[in-house]
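Number of protein chains: 2
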Amino acid sequence: MQLVILLSFFAVIISFAFAVYLYFWVKIQPSENKRIQEVSSLIQAGANTFMRREYGILARFAGVAAVLIFLFLPEPIWNGNPVDHISITLAYAAGTVLSALAGKIGILVATSANGRTAEGAKKDLKTAFLIGFRGGSVMGLAVVGFSLLGVMAVLLITADSTILLGFSFGASSLALFAKAGGGIFTKTADVAADLTGKVELGIPEDDPRNPAVIADNVGDNVGDVAGMGADLFDSNVAAMASALVMSQALDRGMGANTAMVFCYAALGLIASIIGIACARVGKNGNPTRALNASTYTTTAVFLVLTALATLFFKGFQWRIWGASAVGLIVGVIIGITTDYFTDDTKPIVQRVAHASCSGPAFTVLSGVSYGFISALPAMVGIAVSALTAYMLCAPLGEGYALFGIAMAAVGMLSIVGMIISNDAYGPIVDNARGLAEMGGLGEETIRIADELDSAGNTVKAVTKGFAIGAAGLTVISLLGAYMSEVNEALSSAGKELLTGFDIMDPTVFFGILIGAAIPALFSAMLILGVDKNAQRMVAEIRRQFKEIKGLKEGRPGVKADYDTCIGIATDGALKELIPAGLAAILFTVLVGFIGGPSAIGGFLLGNIVSGLLLALFMSNAGGLWDNAKKYVEAGNEGGKGSPAHKAAVTGDTVGDPFKDTAGPSINTQITVVSLVASLLSGLFAAFSLFG
Amino acid sequence: MQLVILLSFFAVIISFAFAVYLYFWVKIQPSENKRIQEVSSLIQAGANTFMRREYGILARFAGVAAVLIFLFLPEPIWNGNPVDHISITLAYAAGTVLSALAGKIGILVATSANGRTAEGAKKDLKTAFLIGFRGGSVMGLAVVGFSLLGVMAVLLITADSTILLGFSFGASSLALFAKAGGGIFTKTADVAADLTGKVELGIPEDDPRNPAVIADNVGDNVGDVAGMGADLFDSNVAAMASALVMSQALDRGMGANTAMVFCYAALGLIASIIGIACARVGKNGNPTRALNASTYTTTAVFLVLTALATLFFKGFQWRIWGASAVGLIVGVIIGITTDYFTDDTKPIVQRVAHASCSGPAFTVLSGVSYGFISALPAMVGIAVSALTAYMLCAPLGEGYALFGIAMAAVGMLSIVGMIISNDAYGPIVDNARGLAEMGGLGEETIRIADELDSAGNTVKAVTKGFAIGAAGLTVISLLGAYMSEVNEALSSAGKELLTGFDIMDPTVFFGILIGAAIPALFSAMLILGVDKNAQRMVAEIRRQFKEIKGLKEGRPGVKADYDTCIGIATDGALKELIPAGLAAILFTVLVGFIGGPSAIGGFLLGNIVSGLLLALFMSNAGGLWDNAKKYVEAGNEGGKGSPAHKAAVTGDTVGDPFKDTAGPSINTQITVVSLVASLLSGLFAAFSLFG
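Taken in order, these protein sequences are the chains called A and B.
The first sequence: position 656 = 656 (my numbering), numbered continuously.
The second sequence: position 222 = 222 (my numbering), numbered continuously.
Simulated from the structure, these hints should not be mistaken for lab results.
Since the model is a prediction, treat every value here as computed from it, not as a measurement.
One thing to keep in mind: the hints can contain errors.
One copy or any two copies: either way a pair holds, since identical chains are not told apart in the list.
[What the hints assert, rightly or not] Pairs of lysine-lysine, PhoX-like flavour, derived with a Cα cap of 25 Å:
id, residue 1, residue 2
1, Lys104, Lys27
2, Lys532, Lys549
3, Lys346, Lys34
4, Lys495, Lys126
5, Lys646, Lys198
6, Lys283, Lys122
7, Lys123, Lys532
8, Lys532, Lys346
9, Lys630, Lys314
Okay, chain A solo, but in the shape it has when bound (with noise of 0.2 Å):
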């Protein structure tokens, strides 16, 4: 144990330092140009004008809610220990604090390298990849570095597992913002760009006439850096926090099976530090398969140090090395299924954009149709990499078999460090792009970095689909952990204990049928959130070209009023999140007082299973038609200006908020939820009308 212990916090301090280092490798990379110096730092003062006021809302929310968990978790006050209250707070904190902290770092690094991506693509591809690369991972390393952390000090200060809840619901309350907070951002200022800019005025995007153009590139910062970082630290914790919680139980204290869930953290970690630092292109190389490659390392290296370390502790067991070997393999095999739907050069796109041929209509239809078949692999997946976990372990006596499951997790989630450097990498070439355009760099300048946004779109669609697959089977774990919760209230109230949730039990089928609409509600009030949110910048937009003189004509010395745009979004993002993630706990807290704990049991998997299905249809759908758009823009089916260009064009602008707003925040709704029942599951257990 002691071994693992100090194995783990080498890992931390290692990926502490390789961020580190990183960091200051960007910050020496050259940055000469002015102009983009100028756009560059507006970005960043967006960006943390945006997470500023989104974590003074948090606070107030997160305010709330740990004077909730002082006073009921893990058990009424007034019945406990009011240690266990003060750690358990202290712990709920400490979750905010460390995502916050992150997401930070992230932005901070992001918004600092797509400057300088954009200076390198001037001299070559090779250079500018890895300074956006390189860029990406500081946000990864922080992110899993965080996580490992977080989750150790707890549990070695504290000794007590359901406090790791505790940090686990921080997590999740800082997710929900930074994720659907940020999408709501991010879509907003991009359609509202895209509305008043591409359509009305005829200008190219990126043209820094639009006052909407800081905060769309800001968007892409704080939805896909803070924003996706947030969720995947919030996965990664409830992952670990999770199988510590069987763990523990299982070796009735520390021992070899919570050795074995730090250990293979551990190592997971050590391979993202080995496969970011492998990660390499030529000068005329293809960035895409670069990307693939980092991972696909990653993975090797993980299950080759994990069987190694197998062999070498005593008490790991083969078969839950197996159980882990799984979920990262299901894993990978979802990113490539998610790939095959939404990379330009596979059939499927392709058909959707010849599809455009016969109109926006058909465009949509053919998206949604794909979309919807699309899921069903990463069902499947998740479905078979649960089910032989769990076969795995059985065999190796109680409690195992659930636990297996938390280790297919925790095995999936191992390389998350590569998935948030990869998909951090996004924005920053994204923005770089943009800056390219900007600060005048050239032709061939903007060409190496459409390549490597291009590579950023796709790279992006499989860590989603990752990212979703990776939620799926951690909410598993979480529904055995509402259980544990339930039953440590109905045995303190001296009830029956649950021994499961039966689908033919009227209150589980009631809280089923509920908790399988909250997703579709949760999304469509999102996504309403943007169009409302968009509605308003397309005013001040208008309002901005009416009245600033010289604007329009881009006089020189005439800028427009970047930072009354990034108000608005911001401002309207928070006020459109908060009724959505209002209204998914509101229906947790009814149906737990109407139906009881039964009936939470159900209404969890209900919101699991429609959220998984919704998650994955609209992330690959909007991938989808974003990627037959840029078919179509390479000049295929009458290529740019074709009616088949407008239709694809549609297709994207439906899914926006699809894959940037709505498919992604799905899983913290679901984690949100998922943590509030189990806070609330003594009172459910004490008060109900039918439970």
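Could you slot chain B onto chain A? The hints should help.
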């Protein structure tokens, strides 16, 4: 009991007599216009062509199914009594034949009533409404009469309730072909006619030069009359069958509970007859209000009659009456909320119309969002009615709780005769509008036909919501029926019985995840099928316009080759449907042989939950877009020809296969999968990898 049987036969006879009366009443209405007669008989011939081919393919499918049933139901034939096997196979055949017969009658009268309604509209609204509505009622009465008669006959002859499941499976097989095949047919023709006629050539809808125009009219009949009729025949039979399986178990044979099922079904039929007889509209009245008023009349009459019966008959329980009443009232509430989301005098449709001003992407995004939200009230309604029925009836003793849910479904479906009448009214008046145009009956007649058509559209959305709600409650009962089948198989194999399906059991969870993905796959395959098939038909229409000289110019005596278009729609529909149906069945079989009976329990649950969600979403979003387009066409948001109108047309085209093909076919997919699972439960119990 005997009194109830007499009552039921009386109700069946009354309903047939009334249907025959209405049929001849429609027949003696004047039909003078030669052109209308001609087109009307073309439509009738086209519908017959489709149905002949459809029934031909169905016969082969049903033959295979009948052999399987004969061999394996109720247990493998080498273990059982051959008489039971013959009975169940005959019951299966009777289920398909009665449903087909009802569909045939419905088409016959609908295609006679359409022309007469057009000519009636020349006189006044009142006459035209009555012809259209009474034509539809023949179908409604036939469906309900045949279903009650069939269920009674099977039970009285065999006195074995499991044989009823065979009858129910027969009805489902036909519904799958009629609803999904008809749905592909109707949208193939609609989309192809619009794409070539309205978009390419700029000729009006229903222009006889367009070779697809007859196929389009045929489609309305085969999709909405025969298809919807078969769907509701299926739901109605399934609801009665599952209630009777439970009542027979409770009564140990015939008794008060079984009598109650028959009595309520018979009183529902009588209430529908009264409602139909009362339907009237003034000369300048509102047809929507008239249709809704007769629905409410039927509801009230049913509640009063059943209350009297409960008072009068010995052994009828008030709690069970309560469960039925709750089911029916929730059905009406689901209808009203559906109306809220799809009626163009309400804010939602108007908001989508307004969003269309920003372009088609916003029509789609807002429609998808409100479609998602619209699923919530119906899901909550189904959940609440199931829970209430269960809680009401649980105190009556063991087994009564699930029986209560089944009786809620029977209650909800009691007014199905009225619902089908309203639904079949839609295509009759829709056809009438086209015929009025083709027959040159003048502006005023077309205006009246338009008004009748618009009422049909509004009511259609309500009946669809109702049909899905009823199916939701029915499939809960089917889950119960599956469990008793499995346990019979397990007990005869000497294995441990199932007590339920625990979602914490990994095989159940495995099934749930895969089951949830199937309705998405099935819908996507149908939508893509419509698209592919429409492309074939577009090619044929273009060929005709090129090769048939004088067709485009409308030279007198030159006729389009309508039959070829009908042939393409027919063959294509059946060709596209079969892979979708087989995929659903294949996954059921795979999951069963991998995960065993528990996995199938989960599979059915996942299928039901995601099926309900997607069916509600697609039906409502489709209705919403249709009416948003009509709202714009009525002169709002810029009216016809405006950018908002173009966008709204895109929304409507997306919505067409949503609401008329995929959405309403999901019901039958769920029923088919449930019954296949019950059918094969013995095999799953005997052989499976992890079960």
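These are the hints, each one checked on the structure:
1. Lys104 with Lys27: Within one copy only: 16 Å inside a chain, 77 Å across chains, cut-off 25 Å.
2. Lys532 with Lys549: neither (28 Å within a copy, 53 Å between copies)
3. Lys346 with Lys34: The answer is neither: 41 Å in one copy and 55 Å across copies each exceed 25 Å.
4. Lys495 with Lys126: neither (65 Å within a copy, 65 Å between copies)
5. Lys646 with Lys198: Cα proximity of Lys646 and Lys198: in one copy and across copies (12 Å, 19 Å).
6. Lys283 with Lys122: within (12 Å within a copy, 78 Å between copies)
7. Lys123 with Lys532: neither (42 Å within a copy, 48 Å between copies)
8. Lys532 with Lys346: between (35 Å within a copy, 19 Å between copies)
9. Lys630 with Lys314: neither (53 Å within a copy, 72 Å between copies)
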